[in-house]
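For reference, the chains in residue letters:
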Amino acid sequence: MAASEWRVRGIVRRMLPVLVVLTAIELGSGLVLDTFESTLLRYPSLLVLVPVTIGMAGNLGSILAARLSTAFHLGLLSFDPTDDRLAGNAVATVGLAVTVFPLVGAGAWALQAVLGGTRLSPTLVVAVALTSGVTLAVLAIAVTTLTTYAAYRFELDPDDVVIPVVTNVCDVLGVLVLFGVVRLFVV
Amino acid sequence: MTVREVAVEAYRESIPVLLLSAAGGLFAGVVLGGMDAELERVAGLLVLVPALLATRGNVYGSLGARLGSALHQGLVEPRFSLADHRVNAAVAAALANGVLVSGVAAVLAVALLVALGRPSAPLLTLVGIALVAGLVSGVLLTIAVVSVVFVGYRRGLNPDTLAGPVVTTTGDVVGIATLLAATRLVLALGGG
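In order, the protein sequences belong to chains S and F. Quick note on numbering: the working numbering labels position 3 of the first sequence as -7, and the sequence is numbered without any gaps. Quick note on numbering: the working numbering labels position 147 of the second sequence as 363, and the sequence is numbered without any gaps.
Just chain S, with the same shape it has in the complex (with noise of 0.2 Å):
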């Protein structure tokens, strides 16, 4: 192990198929992008979102899912929807989503208002952020903990597997999300 963990060909040879697995399900939500990439283009406060939606649902996602990896490898955790642990994580995530979303929409609107100008008006652009904030929370909590318990049930190491795989879902989750309220408050 020792050897070649540090070896240039070892470390290509180990993580590159898991990376091009990981780009093929990004690339599905690339191409849910460019079906609504006439809006976006029109909309552009909409545009400055994508970003910061992507990389809110996954970080959502993986510090649930650092959490409760560690909460687990000390004996802490256990699956059932009584438990404090897993729960009081749930609320957390909910909470930070309401706490950042609407910023991020205020942010959004109010950048692309002051340098390019802006189409929508700052409650819808608000309302569009914390929509899709709430529902991506709701979703990370249901994909962080599934993802969590088949680590425990196949016996897997939660750090090896649960981050990378719960990131890239809740990336992929965020386009789909901003898609369909985009579709509900917009067009």
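Don't take every hint at face value.
As the list claims (entries may be wrong) - Computed footprint of chain F on chain S, listed as stretches where at least three residues anywhere in the stretch have a Cβ under 8 Å from a Cβ of chain F:
no., segment
1, 19 to 27
2, 107 to 120
Stated by the list, open to error - Every beta carbon over 12 Å from chain S, so not counted as near; a handful from chain F, in silico:
no., residue
3, His288
4, Leu351
5, Ala360
6, Leu378
Unchecked claim - Computed, partial: chain F to chain S, Cβ under 10 Å:
no., residue
7, Gly241
8, Phe243
9, Gly260
10, Ser318
11, Leu329
12, Val389
13, Gly391
If you are wondering where the hints come from, they were derived from the structure by calculation, not from laboratory data. Since this is a predicted model, take the numbers as computed values, not measurements. Even for Gly, the Cβ is constructed at its ideal location relative to N, Cα and C.
Chain S is already provided as a structure; the job is to place chain F on it using the hints.
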């Protein structure tokens, strides 16, 4: 701990990183919002955006984690030197992975668009953009990750908690900015 105590602790520990990364994401969004002309001119460029951003996070987040673990184990010294073969190998592997996966993403994107009968820029244009953006963002993110992890470690901070936020905050900004620069370069060279 009660549900409330767990929730309050998780919230307090996570909010600073999330706010920092939201700020980074918004700046990335502003650059993307200003890229409308390029997005319209190069069909399929938007398809690459999530894949390229995720690759930056996956590759350079893992470089940070690898260096962090190695510092903890005493395998590498937190010094900027070209003589450390472990650091060199980790950096070279990250750059190779980052550039290769960016190229693969462009090839797959063109294949998918053609298969679905959707408009796509020529293969060479998108591959050229992806490789240039992959290389330039890789060099910048390597500098950011290695500097923050080494300097943080020397000041007594835990590199494990530093690498993640640095990559999530700078990764999106550097990822989109280099994508814009690479697109302009390839278009200027006649690849459009």
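Structure-based check of each hint:
Beta-carbon proximity to chain F at under 8 Å applies to 6 residues in the segment 19 to 27 of chain S; the threshold of 3 is reached and the given coverage holds. A count of 0 residues in the segment 107 to 120 of chain S with a Cβ less than 8 Å from any Cβ of chain F is obtained; the coverage claim is therefore unmet, three being the minimum. Listed as a non-interface residue, histidine 288/F keeps its Cβ farther than 12 Å from every Cβ of chain S; the least gap is roughly 14 Å. With a least CB separation of 15 Å from chain S, leucine 351/F remains clear of the 12 Å interface cut-off, as annotated.
For alanine 360/F, the non-interface assignment is confirmed: its Cβ lies about 16 Å from the closest Cβ of chain S, beyond the 12 Å cut-off. Taking the minimum C-beta to C-beta distance to chain S, about 14 Å, the non-interface status of leucine 378/F holds against the 12 Å cut. Given hint, glycine 241/F at the interface with chain S, holds; its Cβ is 3 Å from that chain's nearest Cβ, closer than 10 Å. A least Cβ separation of about 8 Å between phenylalanine 243/F and chain S falls short of the 10 Å threshold, and the interface hint therefore holds.
With a cut of 10 Å, the hint placing glycine 260/F at the interface with chain S holds, because the nearest CB-to-CB distance is about 7 Å. Annotation: serine 318/F was flagged as interfacial toward chain S, and the flag holds, the nearest CB pair being 9 Å apart, inside 10 Å. About 8 Å separates the beta-carbon of leucine 329/F from the nearest beta-carbon of chain S, less than 10 Å, and the hint is met. At its closest, the beta carbon of valine 389/F sits 9 Å from a beta carbon of chain S; the interface hint therefore holds under the 10 Å criterion.
For glycine 391/F, the interface hint holds, since its Cβ comes within 10 Å of a Cβ in chain S; the closest pair sits about 8 Å apart.
The structure shown violates just one earlier hint, number 2.
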